[in-house]
Each structure stands twice: as structure tokens, then as C-alpha cells.
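Enquirer: Here are the chains, one letter per residue:
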Amino acid sequence: MKSLTEHLWFNTPTRRAFINITPKVEELVKESGVKEGLCLVNAMHITASVFINDDEPGLHRDFEEWLEKLAPEKPHSRYAHNTFEDNADAHLKRQVMGREVVVAITGGKLDFGPWEQIFYGEFDGKRKKRVMVKIIGE
Amino acid sequence: MKSLTEHLWFNTPTRRAFINITPKVEELVKESGVKEGLCLVNAMHITASVFINDDEPGLHRDFEEWLEKLAPEKPHSRYAHNTFEDNADAHLKRQVMGREVVVAITGGKLDFGPWEQIFYGEFDGKRKKRVMVKIIGE
Amino acid sequence: MKSLTEHLWFNTPTRRAFINITPKVEELVKESGVKEGLCLVNAMHITASVFINDDEPGLHRDFEEWLEKLAPEKPHSRYAHNTFEDNADAHLKRQVMGREVVVAITGGKLDFGPWEQIFYGEFDGKRKKRVMVKIIGE
Chain F
1 MKSLTEHLWF NTPTRRAFIN ITPKVEELVK ESGVKEGLCL VNAMHITASV
51 FINDDEPGLH RDFEEWLEKL APEKPHSRYA HNTFEDNADA HLKRQVMGRE
101 VVVAITGGKL DFGPWEQIFY GEFDGKRKKR VMVKIIGE
Chain D
139 MKSLTEHLWF NTPTRRAFIN ITPKVEELVK ESGVKEGLCL VNAMHITASV
189 FINDDEPGLH RDFEEWLEKL APEKPHSRYA HNTFEDNADA HLKRQVMGRE
239 VVVAITGGKL DFGPWEQIFY GEFDGKRKKR VMVKIIGE
Chain B
277 MKSLTEHLWF NTPTRRAFIN ITPKVEELVK ESGVKEGLCL VNAMHITASV
327 FINDDEPGLH RDFEEWLEKL APEKPHSRYA HNTFEDNADA HLKRQVMGRE
377 VVVAITGGKL DFGPWEQIFY GEFDGKRKKR VMVKIIGE
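Residue numbers (this note's numbering), protein chains in the order written: chain F, 1 to 138; chain D, 139 to 276; chain B, 277 to 414.
Calculated from the structure, these hints are not laboratory results.
It is possible that some hints are incorrect.
[Claimed, not checked] Heads up, simulated BS3-like pairs for lysine-lysine below, C-alpha to C-alpha not over 25 Å straight-line:
(1) B:Lys278 x F:Lys35
(2) D:Lys140 x F:Lys2
(3) B:Lys345 x F:Lys69
(4) D:Lys212 x B:Lys345
(5) D:Lys168 x F:Lys35
(6) D:Lys168 x B:Lys311
(7) F:Lys69 x F:Lys126
(8) B:Lys404 x F:Lys2
(9) F:Lys69 x F:Lys2
(10) D:Lys173 x F:Lys35
(11) B:Lys311 x D:Lys173
(12) B:Lys350 x D:Lys173
(13) B:Lys311 x D:Lys140
(14) D:Lys173 x B:Lys345
(15) D:Lys207 x B:Lys345
(16) B:Lys311 x F:Lys35
(17) F:Lys2 x D:Lys173
(18) D:Lys212 x F:Lys69
(19) B:Lys404 x D:Lys247
(20) F:Lys69 x B:Lys350
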């Protein structure tokens with residue numbers, strides 16, 4: 001069994017952001033030498049997500065508006081978590097969007113449908129945060 | 139390490155549908171010869187889900203009504219994504235229901251609790267779409 | 277390839293509860309002897325979740341209030357699923373919070389970010405229910 005462990009670092013200038021990380025994950029799959037296996041990609045912080053959806057700016061604006069309606073950031077005082085912090089909404093948004101994706105590796109590549117792209121979803125940015133990529137297989 | 143890669147195809151007559159795919163996945167686990175391992179089942183399209191829940195028609199009607207309340211299909215114009223398309227709601231619904239499941243394989247079988255069943259959740263049907271089944275183990 | 281299959285049992289005195297299961301999963305990783313691999317932790321019941329988030333009581337109160345708003349328990353008659361049962365809301369809440377997590381194992385340990393903790397989320401308790409831990413790797 002082969003394995004690879006790598007981290008991707010982010011420091012977004014805005015509180016919320018969606019970043020396409022597919023090319024970086026593809027590079028790591030190639031680097032791993034794994035031909036058949038699984039690739040786990042997960043946020044290592046609990047106010048961020050990794051998810052697979054469409055790389056379309058209109059949809060990302062829809063996500064932003066929709067998540068604000070489901071779990072509004074403000075007023076910060078609406079959440080019991082926000083005593084020393086102001087990011088309870090980010091913990092909730094991350095549950096909707098998910099912590100991780102597991103992607104099949106076939107023939108040495110991410111085995112994707114036509115429009116699948118992997119995104120880092122930041123909900124409490126402006127600081128350094130990490131994503132883990134773990135690849136196992138043969 | 140053994141592995142198996144297979145696709146399940148769907149073409150639902152309705153825009154939205156829930157289809158129990160457990161028997162097909164079980165067959166593939168048997169075919170793979172894997173006794174101990176993991177089985178990844180994921181939608182390859184970003185307006186569809188794979189999830190595990192109850193095979194009970196009342197619950198599926200509840201899911202339909204609940205998802206329409208959380209992310210209504212219409213009016214199509216409410217979403218920035220809907221310029222050439224009308225399926226923004228399907229991209230959102232799929233986030234709530236999830237892209238994938240990972241199921242343990244023990245003793246050559248899906249290692250399930252008493253009521254766990256795997257479903258394909260279609261949110262933008264009436265066309266050919268695929269689900270991936272990837273099995274790895276020994 | 278090494279593998280380990282184990283179950284954690286719960287019987288919560290309340291209908292809903294969040295229980296930190298990280299120490300138990302860490303013990304099983306050690307017991308497995310796996311140094312590099314993946315650890316799947318999933319609810320075996322379809323009215324419960326396994327998820328990763330913060331071990332902070334205020335946030336757990338926020339989760340409880342938020343999930344009750346997204347998928348209210350009562351009146352039980354609002355759900356088509358509730359003919360002989362009263363737990364449709366629990367099936368919906370579990371979709372928001374998720375069935376499972378997959379965690380990387382590196383150097384014989386759960387490879388976690390600074391605040392990641394694994395929780396069992398119970399939405400229809402007061403009876404015996406199980407979580408599966410499946411570990412594969414080398």
C-alpha cells in the first residue's frame with residue numbers, strides 16, 4: 001500500500017470565500033504514484049468546508065445568500081457560542097456544506113464526473129488555515 | 139489490495155426522485171471479492187446525491203417537501219446561477235443530502251445497521267446520469 | 277493491509293444528545309496497529325449522526341436550536357413518516373449533520389486539526405444504538 005499526506009494552506013482576505021483546489025489535489029495524486037485507491041480531502045478547521053460542486057460564480061453567490069439565510073452571521077449575540085468568539089454561524093454553515101470529500105482514484109487520476117470540482121469553503125477567514133489531503137492505494 | 143470500479147446509470151422520468159440502490163451495490167461488493175475494506179458510492183453529477191436513510195415512502199415525501207422549503211426550485215429567477223440553466227436549487231439540495239457515502243465491508247458484505255439503505259437522490263433528472271461505486275480492500 | 281471493526285454503544289436518557297467519542301476512537305486506532313490509513317466512523321442508525329466540530333457547550337445549544345428551526349420535531353403530525361412513529365424530524369436532522377466521517381491516520385494517530393473532535397449526534401434516543409468504527413491501512 002502506498003500513501004501520501006499533504007497540507008494545503010489558506011489565508012483568505014475575506015471572512016467567507018470559495019476556492020477551487022482541484023488542480024492542487026490532482027498534482028498530489030500524481031505525486032503519490034497511486035493508481036487505484038481513495039483520496040480524502042478534509043478541512044482541518046471546524047469553521048471551514050471541503051465540498052464538490054460547480055465552478056460557476058453565480059452559484060457561489062447563491063451559496064453565500066442561501067447559507068446566510070439558513071445560518072445568519074448577525075447579530076452575533078443570537079448564538080450561545082459567541083461569548084469570546086463571533087463565528088458560531090461558521091460552525092453551522094460548515095455542517096451544511098460538509099467537512100470532507102472522498103474521491104476515487106482510477107488509473108492514477110481523480111475519477112470525476114463531467115463537472116465535479118473540489119472547493120475549499122471558508123466561513124471564518126482572515127487567518128491561516130489548513131486542508132488535509134490523504135491518499136491511500138496501490 | 140483488490141479494487142473494483144463500476145458505474146450505475148439513471149435516467150429518471152421526473153425532475154426529482156429517490157431510488158434504492160442497495161441491492162446493486164451489494165452485488166458489486168460480492169463481485170469485487172473484497173472481504174475487509176471500504177466501499178465509496180458517490181454521485182458523479184453535482185445536482186444529485188447519494189445518501190443513507192430509510193426506505194419509507196412517507197419519509198421520502200417529507201424529504202421532498204422539506205428540501206423544497208429549504209431550497210425552493212421556483213421562481214427560477216431567484217438564483218444567480220439560473221441564466222442559461224434552471225437547476226440552482228438542485229445544486230443546493232444536493233449539499234443538504236450529500237454527495238457520497240463510505241460504507242464498511244466486513245466478511246465480504248456491506249456492514250450495515252438494521253435499517254440502513256443507500257439511495258440515489260435525483261434533483262435534476264430527465265437525462266442520463268451516473269453513480270460511481272469504488273471498492274478497495276482485501 | 278490491516279483492518280479493525282468495532283462498535284460503540286449508546287443509550288441516551290434524552291431524545292437528543294451530543295457525545296464526544298474522540299477518546300474511544302483514538303484507543304481503537306492504537307489497538308488496530310495501523311500507522312497509515314483511513315478511519316471511518318458512522319452511525320449505524322438512520323436517526324443519528326457522526327460529525328466533527330467543536331467541543332463547546334454553547335455551540336451544542338446553538339446546534340439544538342438551529343436544527344429545531346430547520347426540522348422541528350413537533351407537531352408530529354406535520355410529517356408523512358409519522359404514522360406509527362414520531363421521529364421524522366430525526367431522519368431530517370441527521371441529513372444536515374451527516375452520517376459519517378472519514379479521518380486520516382498518520383503515524384499511528386488520528387490526523388486532526390487543532391480543534392477537531394468527533395461527536396455522536398443522537399436525535400431519537402432513549403434506546404440502544406450503535407456507531408461503527410472501521411480502520412484500514414498498514
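Enquirer: It remains to establish, for every hint, whether it holds in the given structure.
Expert: How the hints compare with the structure:
no. : hint                : result
1   : B:Lys278 x F:Lys35  : holds, 20 Å
2   : D:Lys140 x F:Lys2   : holds, 14 Å
3   : B:Lys345 x F:Lys69  : holds, 12 Å
4   : D:Lys212 x B:Lys345 : holds, 22 Å
5   : D:Lys168 x F:Lys35  : holds, 22 Å
6   : D:Lys168 x B:Lys311 : violated, 28 Å
7   : F:Lys69 x F:Lys126  : holds, 22 Å
8   : B:Lys404 x F:Lys2   : violated, 39 Å
9   : F:Lys69 x F:Lys2    : violated, 44 Å
10  : D:Lys173 x F:Lys35  : holds, 21 Å
11  : B:Lys311 x D:Lys173 : holds, 21 Å
12  : B:Lys350 x D:Lys173 : violated, 43 Å
13  : B:Lys311 x D:Lys140 : holds, 20 Å
14  : D:Lys173 x B:Lys345 : violated, 43 Å
15  : D:Lys207 x B:Lys345 : holds, 12 Å
16  : B:Lys311 x F:Lys35  : holds, 21 Å
17  : F:Lys2 x D:Lys173   : holds, 20 Å
18  : D:Lys212 x F:Lys69  : holds, 17 Å
19  : B:Lys404 x D:Lys247 : holds, 23 Å
20  : F:Lys69 x B:Lys350  : holds, 22 Å
Of the hints listed earlier, those the structure fails to meet are numbers 6, 8, 9, 12 and 14, in rising order.
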